[in-house]
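The primary structure of each chain is shown beneath.
Protein chains: 2
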Amino acid sequence: MSLLVVGSVALDSVETPFGKADEVLGGSATFFSASACNLTPVQVVGVVGDDYPVDKLKPLEKRGVDFAGLERAKGRSFRWRGRYRHDLNVAETLETHLGVFSNFSPKIPAQFRNAPFVFLGNIDPRLQLDVLTQVDKPKLVACDTMNFSIESRRTDLLKLLERVDAVTLNDGEARQLSECYNLLKAAKWIMKRGPKLVIIKKGEHGAFMFTGDTVFFAPAFPLEEVFDPTGAGDAFAGGFMGYLAKCGDVTDASLRRAVIYGSAMGSFAVEKFSIERLLEIDAKQLASRVGDFRRLVAFEDEL
Amino acid sequence: MSLLVVGSVALDSVETPFGKADEVLGGSATFFSASACNLTPVQVVGVVGDDYPVDKLKPLEKRGVDFAGLERAKGRSFRWRGRYRHDLNVAETLETHLGVFSNFSPKIPAQFRNAPFVFLGNIDPRLQLDVLTQVDKPKLVACDTMNFSIESRRTDLLKLLERVDAVTLNDGEARQLSECYNLLKAAKWIMKRGPKLVIIKKGEHGAFMFTGDTVFFAPAFPLEEVFDPTGAGDAFAGGFMGYLAKCGDVTDASLRRAVIYGSAMGSFAVEKFSIERLLEIDAKQLASRVGDFRRLVAFEDEL
Numbered sequence: 000m001s002l003l004v005v006g007s008v009a010l011d012s013v014e015t016p017f018g019k020a021d022e023v024l025g026g027s028a029t030f031f032s033a034s035a036c037n038l039t040p041v042q043v044v045g046v047v048g049d050d051y052p053v054d055k056l057k058p059l060e061k062r063g064v065d066f067a068g069l070e071r072a073k074g075r076s077f078r079w080r081g082r083y084r085h086d087l088n089v090a091e092t093l094e095t096h097l098g099v100f101s102n103f104s105p106k107i108p109a110q111f112r113n114a115p116f117v118f119l120g121n122i123d124p125r126l127q128l129d130v131l132t133q134v135d136k137p138k139l140v141a142c143d144t145m146n147f148s149i150e151s152r153r154t155d156l157l158k159l160l161e162r163v164d165a166v167t168l169n170d171g172e173a174r175q176l177s178e179c180y181n182l183l184k185a186a187k188w189i190m191k192r193g194p195k196l197v198i199i200k201k202g203e204h205g206a207f208m209f210t211g212d213t214v215f216f217a218p219a220f221p222l223e224e225v226f227d228p229t230g231a232g233d234a235f236a237g238g239f240m241g242y243l244a245k246c247g248d249v250t251d252a253s254l255r256r257a258v259i260y261g262s263a264m265g266s267f268a269v270e271k272f273s274i275e276r277l278l279e280i281d282a283k284q285l286a287s288r289v290g291d292f293r294r295l296v297a298f299e300d301e302l
Numbered sequence: 000m001s002l003l004v005v006g007s008v009a010l011d012s013v014e015t016p017f018g019k020a021d022e023v024l025g026g027s028a029t030f031f032s033a034s035a036c037n038l039t040p041v042q043v044v045g046v047v048g049d050d051y052p053v054d055k056l057k058p059l060e061k062r063g064v065d066f067a068g069l070e071r072a073k074g075r076s077f078r079w080r081g082r083y084r085h086d087l088n089v090a091e092t093l094e095t096h097l098g099v100f101s102n103f104s105p106k107i108p109a110q111f112r113n114a115p116f117v118f119l120g121n122i123d124p125r126l127q128l129d130v131l132t133q134v135d136k137p138k139l140v141a142c143d144t145m146n147f148s149i150e151s152r153r154t155d156l157l158k159l160l161e162r163v164d165a166v167t168l169n170d171g172e173a174r175q176l177s178e179c180y181n182l183l184k185a186a187k188w189i190m191k192r193g194p195k196l197v198i199i200k201k202g203e204h205g206a207f208m209f210t211g212d213t214v215f216f217a218p219a220f221p222l223e224e225v226f227d228p229t230g231a232g233d234a235f236a237g238g239f240m241g242y243l244a245k246c247g248d249v250t251d252a253s254l255r256r257a258v259i260y261g262s263a264m265g266s267f268a269v270e271k272f273s274i275e276r277l278l279e280i281d282a283k284q285l286a287s288r289v290g291d292f293r294r295l296v297a298f299e300d301e302l
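Protein chains in written order, with numbering that gives the first Met the number 0: chain A, 0 to 302; chain B, 0 to 302.
Rather than coming from a laboratory, the hints here were simulated on the basis of the structure. Don't take every hint at face value.
Since the list gives no way to pick out one identical chain from another, each pair is judged satisfied if it fits inside one copy or across any two copies.
Simulated crosslink set (DMTMM-like; lysine to aspartate or glutamate; CA at most 25 angstroms straight-line) [unchecked claim]:
no.: 1; residue 1: Lys-187; residue 2: Asp-291
no.: 2; residue 1: Lys-201; residue 2: Glu-270
no.: 3; residue 1: Lys-201; residue 2: Asp-291
no.: 4; residue 1: Lys-57; residue 2: Glu-279
no.: 5; residue 1: Lys-271; residue 2: Asp-300
no.: 6; residue 1: Lys-191; residue 2: Glu-91
no.: 7; residue 1: Lys-283; residue 2: Asp-212
no.: 8; residue 1: Lys-184; residue 2: Glu-94
no.: 9; residue 1: Lys-195; residue 2: Glu-299
no.: 10; residue 1: Lys-184; residue 2: Asp-54
no.: 11; residue 1: Lys-245; residue 2: Asp-300
no.: 12; residue 1: Lys-184; residue 2: Glu-223
no.: 13; residue 1: Lys-245; residue 2: Glu-299
no.: 14; residue 1: Lys-283; residue 2: Glu-178
no.: 15; residue 1: Lys-187; residue 2: Asp-65
no.: 16; residue 1: Lys-55; residue 2: Asp-86
no.: 17; residue 1: Lys-184; residue 2: Asp-49
With the rest of the complex left out, here is chain A:
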């Protein structure tokens, strides 16, 4: 089943202890689709400026990403410049230039409107709400959010939460939104506002999925070389939603596997700059990484 994502398509300049990358593909919709396309066809809605190297999106198109909803506006593309030091869990933002993204108003092409799975990347919650008026009863809608929306668009964000099935956010955002330090309490607080499912991402410390009274946890995969953590959260969301769209159902068993696919995609994303590694994965490598996750947490029943 097809999967629609609305989010940013940007150019990132990143410095890590292991190297530098300038003006490489970035943005939530880019990482999300580069990840999800390994599992299911993806439809992207976003905006870039007239300076965007759209040719560089071709490898994504070849892997099943449809950019019919990518608007090209007059002006500069969204650019982010950041740095990581040894604690790769913490990004230091050096520059953000929103460019054409500051006037983004998502227009969902007619052929995308019946997508059964919809992911609303971390854009303004008013835009996320607007997308919901343009789609036809999706089977599952998930949204991401960010500290700016929690601080400055709280009323709209709470309205959005009433209308989505699932939320993905990181531990800091969950605490900020709920004003609960304890993540279990934070998740319950969020579920009371509408979503049946809350995923709290903890970066290198893994991710929790909360649904009703059950909790599922997936560790981050222990890698010797975490090269660049940028986009790991969006790659996680892409793997999660991509897996659900691929199997087409949202049972507890599928949701758990979806979190593992999300974690696997997050672990690939950080192995190289930008979306490089996500574009190299084949089905065998993905299955092998999922198997590694199983061995990482598996324990047998009592003898």
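Go by the hints and put chain B onto chain A.
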């Protein structure tokens, strides 16, 4: 099979966001034995001053802890005073008075010397080495360590590592010891120095067990109320070693289950002050918590 622990027996005064406790039972050997005795008989070697409320150890004795190796020395007992704020992963030490513990020289009673499982709590590595000269070929020796030993007793600590089978330490200590920020690299560095098995404890973020080329991970159990994190690491070690001593073997399957029992014990320890909760557990509650761990990480194979 019996399990010998050598470590501190102290009095803790603790303040958390949820309450205060004054002069309650603490110390690594105390938490370790309160945890392990739920699984196997435990033999304690340590020292207390003549002011120690030894009567309060009776509930431990009733649960199978043998204090024949607990020396009573003239002077004050080891006291620790600490505080936790909202981030319960970080203890703030307000006062430490070593008292009689500063002259501790472990003497292993004759009847303890053939214990097949030995745990060396985080005392001076010279004393940990000395214990090894007093025991008869144990099946498995594990040691803990601490930042002071890593900084100031490095040579002795490296000698100790050559002689133990397993090490438990927290993430910060693993990084400090190995000078590797990456925990997988840190574990490999440590294994090169001798131990076949390294457990890196990450507090609320769970624990890794490294053995040869395999990695096992257990999350910390998500609790709505983490009341007092003091002793969680020692309770973890007690559950880990207690499970191994109970089943008497050290196969990969047993080791994985042992980490889960350790995590379960750590999760009980933090539910109340001191060793209170560890003394209430029965076999049913323990089995139920282990089942919760299974559900927390379980995912089914592809349909």
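Going down the list of hints, with the structure as the test:
1. Lys-187 x Asp-291: between (31 angstroms within a copy, 18 angstroms between copies)
2. Lys-201 x Glu-270: both (18 angstroms within a copy, 23 angstroms between copies)
3. Lys-201 x Asp-291: For Lys-201 and Asp-291, the Cα distance is within 25 angstroms both inside one copy (20 angstroms) and across copies (21 angstroms).
4. Lys-57 x Glu-279: For Lys-57 and Glu-279, the Cα distance is within 25 angstroms only inside one copy (14 angstroms; across copies 62 angstroms).
5. Lys-271 x Asp-300: Neither way: Lys-271 and Asp-300 sit 38 angstroms apart in one copy and 29 angstroms across, limit 25 angstroms.
6. Lys-191 x Glu-91: neither (33 angstroms within a copy, 35 angstroms between copies)
7. Lys-283 x Asp-212: Answer is between; shortest inter-copy Cα gap is 21 angstroms, intra-copy 34 angstroms.
8. Lys-184 x Glu-94: neither (34 angstroms within a copy, 32 angstroms between copies)
9. Lys-195 x Glu-299: Between copies, since 21 angstroms is at most 25 angstroms while 31 angstroms is not.
10. Lys-184 x Asp-54: For Lys-184 and Asp-54, neither the intra-copy (46 angstroms) nor the inter-copy (39 angstroms) Cα distance is at most 25 angstroms.
11. Lys-245 x Asp-300: Between copies, since 15 angstroms is at most 25 angstroms while 31 angstroms is not.
12. Lys-184 x Glu-223: Between. Shortest inter-copy distance 6 angstroms satisfies the 25 angstroms Cα cut-off; intra-copy 33 angstroms does not.
13. Lys-245 x Glu-299: For Lys-245 and Glu-299, the Cα distance is within 25 angstroms only across copies (16 angstroms; inside one copy 30 angstroms).
14. Lys-283 x Glu-178: Neither, since 42 angstroms and 35 angstroms both go past 25 angstroms.
15. Lys-187 x Asp-65: So Lys-187 and Asp-65 fail the 25 angstroms test inside a copy (36 angstroms) and across (44 angstroms) alike.
16. Lys-55 x Asp-86: Neither way: Lys-55 and Asp-86 sit 30 angstroms apart in one copy and 43 angstroms across, limit 25 angstroms.
17. Lys-184 x Asp-49: Classified as neither: same-chain Cα gap 45 angstroms, cross-chain 44 angstroms, threshold 25 angstroms.
Going through the hint list in order, the structure does not satisfy hints 5, 6, 8, 10, 14, 15, 16, 17.
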